[in-house]
Amino acid sequence: MRKARELDVRWVFLALAAALTLAVRFPFSQPITPSPAVKAVYDYIEALPEGSTILIATDYDPQARAEVVPITQALLRHAFSRGIRVIGMTFWPDGAPLGARLFRDIGDEYGKTSGVDYVYLGYKFGGMAQVITNMGESFTSAFPADPEGNRTATMPVFEEVRNLRSVDYLIDIAAGETVTAWVMYGADKYRIPMAAGCTAVVGPDLYVFMNTGQLNGLIAGLRGAADYEVLIGSPDLGVRGMPAQSAAHGMIVLFVIVANVLYFRKRLSLRSRRQAERD
Amino acid sequence: MTEKDKNTLILAVCVAVFIGANIVLFITGHFPSRTGGVPDWGQTLGLMAAALMSFAMFSFLYRDNPIFRAVENLFVGLGLGVTLYVMWYLNLKPEVYDRLISPMLDPSVDVPGADLVLIIPVLMGVMMLTRLSGRHGWISRYPIAFLVGYGSGFSIQPMIHSLILKQVEKTIVPVQMSAAAWGLCALVAVVAVLGAYAASKGGRLAVGLKIAAAAVALAYVIAANTPSLNARPQLAEAFRAVDLLLIVLGVLCVLCYFFFSAEHKGALGAASRVGIIFLMVAFGATFGYTVMARESLVIGRIQFLLGDWLGLL
Chain Y
-2 MRKARELDVR
8 WVFLALAAAL
18 TLAVRFPFSQ
28 PITPSPAVKA
38 VYDYIEALPE
48 GSTILIATDY
58 DPQARAEVVP
68 ITQALLRHAF
78 SRGIRVIGMT
88 FWPDGAPLGA
98 RLFRDIGDEY
108 GKTSGVDYVY
118 LGYKFGGMAQ
128 VITNMGESFT
138 SAFPADPEGN
148 RTATMPVFEE
158 VRNLRSVDYL
168 IDIAAGETVT
178 AWVMYGADKY
188 RIPMAAGCTA
198 VVGPDLYVFM
208 NTGQLNGLIA
218 GLRGAADYEV
228 LIGSPDLGVR
238 GMPAQSAAHG
248 MIVLFVIVAN
258 VLYFRKRLSL
268 RSRRQAERD
Chain W
376 MTEKDKNTLI
386 LAVCVAVFIG
396 ANIVLFITGH
406 FPSRTGGVPD
416 WGQTLGLMAA
426 ALMSFAMFSF
436 LYRDNPIFRA
446 VENLFVGLGL
456 GVTLYVMWYL
466 NLKPEVYDRL
476 ISPMLDPSVD
486 VPGADLVLII
496 PVLMGVMMLT
506 RLSGRHGWIS
516 RYPIAFLVGY
526 GSGFSIQPMI
536 HSLILKQVEK
546 TIVPVQMSAA
556 AWGLCALVAV
566 VAVLGAYAAS
576 KGGRLAVGLK
586 IAAAAVALAY
596 VIAANTPSLN
606 ARPQLAEAFR
616 AVDLLLIVLG
626 VLCVLCYFFF
636 SAEHKGALGA
646 ASRVGIIFLM
656 VAFGATFGYT
666 VMARESLVIG
676 RIQFLLGDWL
686 GLL
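Keeping their order, the protein sequence lines are chains Y and W.
Counting along the first sequence from 1, when you hit position 17 you're at 14 in the numbering used here, and nothing is skipped either side.
Count along the second sequence from 1, then add 375; that gives the number in the numbering used here.
Heads up, a few of these hints could be off.
[Said to hold, decoys possible] Below, in silico cross-link-like pairs of lysine to any residue (SDA-like), each with a Cα-Cα straight-line distance of 20 Å or less: (1) Lys541/W with Ile189/Y; (2) Lys468/W with Glu157/Y; (3) Lys541/W with Glu174/Y; (4) Lys36/Y with Lys585/W; (5) Lys585/W with Val258/Y; (6) Lys36/Y with Arg79/Y; (7) Lys109/Y with Gln127/Y; (8) Lys379/W with Gly454/W; (9) Lys541/W with Asp618/W; (10) Lys468/W with Phe122/Y; (11) Lys585/W with Tyr572/W; (12) Lys585/W with Phe261/Y; (13) Lys186/Y with Ile531/W.
These are calculated hints, taken from the structure and not from any lab test.
What you are looking at is a predicted structure, and each value in this text was computed from that prediction instead of being measured.
Isolated chain Y (complex conformation) (with noise of 0.2 Å):
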């Protein structure tokens, strides 16, 4: 018993390792349930008419990959298998190479060109404030050239969609607090729906916008993408991940009623010999 309370951390690493490593290779399969946050996101451009225009802006940079990658992947097919178009752009400047590559990688799949269906915009210095407002005046004014060097003047995509007011869908995946100044800004200044992709730090301090309404929904961590992809029918890396969670909730939720049992069975031996010395 003692040398169970007195286990050395490493070795919890390394169960959680060999627990995650075998959930990984070698998955279960477990039901997903959509929660109602993120399915109010796909409903939403489920219902969106062909030609519609969202806008995605990708704030996070490639730490946060492994949560927010797959949210990005699985809202940008979901856009391109319905004839959406899509803008991205990020805050983030370490995040703007892996946004770019991620619009450019899945207009491909679905034959999309850039400039026509998608634009990534990239990186905007300047205060997000005064950038969003920038793009509620005008998208080409804002960014005046995508990170290829086009211009994005004489871009089709930018023929009807002048600003964010133009936009039909707002959705903002972050890695940090973005999403408070794109509902600030954004959302709230023009009217526009908006909805929230986000690691799962991130989520908790997200539902208070919920509840008011100022985000429609909301795919929060790799549970969210899963979700999501469950609901394109796409499964994909959120999917994947599923078991490997599970299997980590499991081992942690284990350690935990192991460690509390040690810990009260101590707690007991303790006051026993303290009555047995008082007596």
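Assemble the complex: chain Y is given as a structure, and chain W must be docked to it using the hints.
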């Protein structure tokens, strides 16, 4: 064997396993990676380096070591390098250097009149840099003052609208109280009172009450999120009513907890204790989500190592 020898041996074994794994990958034909049927050595080296870096970062879980620190510094440096590259090539070069500075340096090219306005932000940027000088640092106060003033004026109205008024508006909404809603509310009230009482007392009874209150709260959360129960309109309405009342109760009790102008005794003390419970639930949810996020990051790395690097997925 000394601790140092043991660590050296572990490091040697890890390096040998890593090199061995890559040799096996070359022998089995997984490496070099191919793009369009052609060997892509850049991609291959990238995969090997990424795998090596991942193991180096994970090595911290065993103990702090020079390899981990070297890779950590490399990571920070690379991140900064990419940021500088993106800022220069996507923003500063096309919008400042190409439009203003380059034409100024070339006498044969006229700077368009509209672009001359760029001189003002460039000048303010340069003024910011005087911060680095002890003697001329005061100059930086002017652009900072401008930015703070502009930022405040720009943000105060949307902040009040989006972060205060909208939240208050949705906290006080009309609630339709059916019999089921009253019943659930009574249950919630009993649990809240028991929770507050237990929090104020010690002993076995308090522990029992805390467990009972937690069990009832958990049962309610499970019931409120069960689709079959929510399919019944009356129950769904009751759950909604209780949720709204819980939001109001939570807001008021948490505000009481943060009200320091009076001693937390009597009704204020009880409310602040209930406020602590709400805060703990919020912190618990945040912590749970954080654990889930960290798990996801490890899963992403394992997917990379097993899939992209080893080709086992």
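Evaluated hints:
1. Lys541/W with Ile189/Y: Roughly 15 Å separates the two Cα atoms, so the pair holds.
2. Lys468/W with Glu157/Y: At roughly 29 Å apart (the allowed maximum being 20 Å), Glu157/Y and Lys468/W break the hint.
3. Lys541/W with Glu174/Y: holds (18 Å)
4. Lys36/Y with Lys585/W: Measuring from Cα to Cα gives roughly 35 Å; hence the hint is violated.
5. Lys585/W with Val258/Y: Holds, at about 18 Å.
6. Lys36/Y with Arg79/Y: holds (16 Å)
7. Lys109/Y with Gln127/Y: violated (31 Å)
8. Lys379/W with Gly454/W: violated (33 Å)
9. Lys541/W with Asp618/W: Holds - the C-alpha atoms of Asp618/W and Lys541/W are around 18 Å apart, at most 20 Å.
10. Lys468/W with Phe122/Y: holds (12 Å)
11. Lys585/W with Tyr572/W: Within the cut-off at roughly 9 Å; holds.
12. Lys585/W with Phe261/Y: holds (17 Å)
13. Lys186/Y with Ile531/W: holds (13 Å)
The structure shown violates the earlier hints numbered 2, 4, 7, 8.
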